[in-house]
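Residue numbers (this note's numbering), protein chains in the order written: chain B, 74 to 200; chain U, 312 to 454.
Don't read these hints as lab results, they were simulated from the structure.
All figures in this text were calculated on a predicted structure; none of them were measured in a lab.
One or more hints might be untrue.
[What the hints assert, rightly or not] Distance windows between CB atoms, simulated: (1) B:S95 - U:D443: 28 to 38 Å; (2) B:Q137 - U:L431: 36 to 46 Å; (3) B:S95 - U:R435: 32 to 42 Å; (4) U:G405 - B:D127: 28 to 38 Å; (5) U:R386 - B:E195: 31 to 41 Å; (6) U:D346 - B:D163: 22 to 32 Å; (7) B:P190 - U:C352: 20 to 30 Å; (8) U:C352 - B:D92: 38 to 48 Å; (9) U:D443 - B:P190: 16 to 26 Å; (10) U:A430 - B:G132: 36 to 46 Å.
By construction, the Cβ of each residue, glycine as well, lies at the ideal position given by its N, Cα and C atoms.
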Amino acid sequence: MSNTKKTLSRTSQNILKIDTFSCVRCGLTVSAAAGDGIRRNHCPSCLHSQHVHDHVEGGPSDCQSRMSPIAIAVLRTGDWMVIHRCVRCDELTSSPICADDNQLILMRIAVRPLAQPSFPLETFGDL
Amino acid sequence: MPRRSRSAHERARANRRPQRHKDVLHRQGGHRANDFRCVGCRLDVSSDAPGTTHRNHCPNCLASLHVDRRIPGDRAASCRGRMEALSMSVRPDGEWMIIHQCRSCGELSANRIAGDDNALILVRLAVKPLRDPGIARRVFLVP
Ligand SMILES: [Zn+2]
Ligand SMILES: [Zn+2]
Ligand SMILES: [Zn+2]
Ligand SMILES: [Zn+2]
Numbered sequence: 074m075s076n077t078k079k080t081l082s083r084t085s086q087n088i089l090k091i092d093t094f095s096c097v098r099c100g101l102t103v104s105a106a107a108g109d110g111i112r113r114n115h116c117p118s119c120l121h122s123q124h125v126h127d128h129v130e131g132g133p134s135d136c137q138s139r140m141s142p143i144a145i146a147v148l149r150t151g152d153w154m155v156i157h158r159c160v161r162c163d164e165l166t167s168s169p170i171c172a173d174d175n176q177l178i179l180m181r182i183a184v185r186p187l188a189q190p191s192f193p194l195e196t197f198g199d200l
Numbered sequence: 312m313p314r315r316s317r318s319a320h321e322r323a324r325a326n327r328r329p330q331r332h333k334d335v336l337h338r339q340g341g342h343r344a345n346d347f348r349c350v351g352c353r354l355d356v357s358s359d360a361p362g363t364t365h366r367n368h369c370p371n372c373l374a375s376l377h378v379d380r381r382i383p384g385d386r387a388a389s390c391r392g393r394m395e396a397l398s399m400s401v402r403p404d405g406e407w408m409i410i411h412q413c414r415s416c417g418e419l420s421a422n423r424i425a426g427d428d429n430a431l432i433l434v435r436l437a438v439k440p441l442r443d444p445g446i447a448r449r450v451f452l453v454p
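Can you build the whole structure from these sequences, using the hints too?
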């Protein structure tokens, strides 16, 4: 490993220690920097998030309510995104999943439509 | 109105699941004015959709047009980009919701499915995350 790389990783470790938020649902203290360098916006344990950014107007939102994970979207690259919906104002956001996100909850969100089908799925046979 | 038919009507109303209150805006002058041609597959779509008060996507390919800003039906967005079905979500009452994303600006919206939506396309959308080849590793080989 080169020297520059070592310095970089040390810097990101410092950010990791300072920049934390506590989950609005389960109270877990979460470091904003995920291991893979991306900035975390949801709790890795319960996957809930907080409405802090206004996506229509841009800039910070004064809503501050809890955002619950409602769907999994698959990008063309195959990467999974979590769709969050604000429980107060219904605002929707999409954010990449992190390597240490709770896999069981991710799977539960992914299979939920098929566990609660809107119509009998047997009509389709093999999909 | 004869009494029997009225009570049958009332029973039908009582059995129907009430729709969650939404601030949906409707245009004056009836629904005909809102018929549209699909931006995805060019199908001519009537705005009367079974099971919804406000059809916003094509029943054939699920595509939609980015015209609303904050409230469904407000027609306040100037984008006019094509909104494609991104994923499927389920409301707490069990109803399926299509998550649309605008291809031009990335905006997301959630929309109820309609009674005449193409069921095969809906199910394909719902199973999309489960077709991921990495899914077994995701569940069983968590590092
Ligand atoms: Zn949490
Ligand atoms: Zn909000
Ligand atoms: Zn179409
Ligand atoms: Zn748009």
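A quick look at each hint next to the structure:
{"no.": "1", "hint": "B:S95 - U:D443: 28 to 38 Å", "result": "holds (31 Å)"}
{"no.": "2", "hint": "B:Q137 - U:L431: 36 to 46 Å", "result": "holds (41 Å)"}
{"no.": "3", "hint": "B:S95 - U:R435: 32 to 42 Å", "result": "holds (39 Å)"}
{"no.": "4", "hint": "U:G405 - B:D127: 28 to 38 Å", "result": "holds (31 Å)"}
{"no.": "5", "hint": "U:R386 - B:E195: 31 to 41 Å", "result": "holds (40 Å)"}
{"no.": "6", "hint": "U:D346 - B:D163: 22 to 32 Å", "result": "holds (27 Å)"}
{"no.": "7", "hint": "B:P190 - U:C352: 20 to 30 Å", "result": "holds (25 Å)"}
{"no.": "8", "hint": "U:C352 - B:D92: 38 to 48 Å", "result": "holds (46 Å)"}
{"no.": "9", "hint": "U:D443 - B:P190: 16 to 26 Å", "result": "holds (20 Å)"}
{"no.": "10", "hint": "U:A430 - B:G132: 36 to 46 Å", "result": "holds (41 Å)"}
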